[in-house]
Amino acid sequence: MKRTLSISLIILLLTTVFSLNAQTKKAVQQKKNTISLDSMLFKKLTNRVEVGYNNPAQYGSNFSTSYFNGFKMGLTTEYPLQNNLSLLSGILYNFVYSDKLQVYGSSTYVFYSTNGHFINIPIQIAYSIPVTKELKFMGFAGPTVNVGLSQIKTTLSTVTSVTTNYKEQSYISNLSQLDLQLGLGLGVQWKQYQLKGGYDYGLLNINRLTTGNLYQKGWYVSLSVTL
268 MKRTLSISLI
278 ILLLTTVFSL
288 NAQTKKAVQQ
298 KKNTISLDSM
308 LFKKLTNRVE
318 VGYNNPAQYG
328 SNFSTSYFNG
338 FKMGLTTEYP
348 LQNNLSLLSG
358 ILYNFVYSDK
368 LQVYGSSTYV
378 FYSTNGHFIN
388 IPIQIAYSIP
398 VTKELKFMGF
408 AGPTVNVGLS
418 QIKTTLSTVT
428 SVTTNYKEQS
438 YISNLSQLDL
448 QLGLGLGVQW
458 KQYQLKGGYD
468 YGLLNINRLT
478 TGNLYQKGWY
488 VSLSVTL
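Under the numbering used here, the residues of the sequence shown are numbered 268 to 494, in order.
It cannot be assumed that every hint is accurate.
Computed list of lysine-lysine pairs in DSBU-like fashion (alpha-carbon distance at most 35 Å, straight line) [what the hints assert, rightly or not]: (1) 339 <-> 484; (2) 484 <-> 458; (3) 458 <-> 400; (4) 403 <-> 311; (5) 400 <-> 339; (6) 339 <-> 367; (7) 420 <-> 484.
Just so you know, these hints were derived from the structure itself, not from any lab.
Quick caveat, the model's predicted, so the values are computed rather than measured.
Working from the sequences, and respecting the hints, build out all of it.
Pasting the structure below:
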């Protein structure tokens, strides 16, 4: 009886040890597979520093069109898919400014000076046409999330040569800070350098007041280099 009990305990102990060893090996292999997959995904990503010029405009009913000049800079990333397709994204800071003069008669005018800060987050699909190993052309399209940080307008008006009035107003309270833009563009890449240009068209009314609609649109050109 004691011998039978001892054999049973030994068999149970060996079974437990083999089971734990198998589970440990499986867990280690799963961890290795996860690390390998993460490493593979990370290696496929192409990260770039991007700088460029942009020329947006704000327009709409009850508003005269305001054209801006500015620059943008930030980080972008590209993840290859299949059949020469890739996913483009990133985060880009934009600074824009506008000087606008409206004249009413010979001695009356209003001068507007506006500057704005906002963030662009593109989520686009690109299609590449390789020419050589180091040269390729591309086209891209998709939405861009535009997040407004601030927009300030300074007004200088005069009725006579000696009467002036300065007024500075923050327009962020009147404007929606979120806009969804749909864009498309073309580009060329040579080695680690990429030159591209595009056009974004705002889909949402960014005027938070009840009178009139206000939209954003504009084009840009940028140069990026692979990190």
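A quick look at each hint next to the structure:
no. : hint        : verdict
1   : 339 <-> 484 : 15 Å, holds
2   : 484 <-> 458 : 31 Å, holds
3   : 458 <-> 400 : 8 Å, holds
4   : 403 <-> 311 : 18 Å, holds
5   : 400 <-> 339 : 29 Å, holds
6   : 339 <-> 367 : 22 Å, holds
7   : 420 <-> 484 : 19 Å, holds
The structure shown violates none of the earlier numbered hints.
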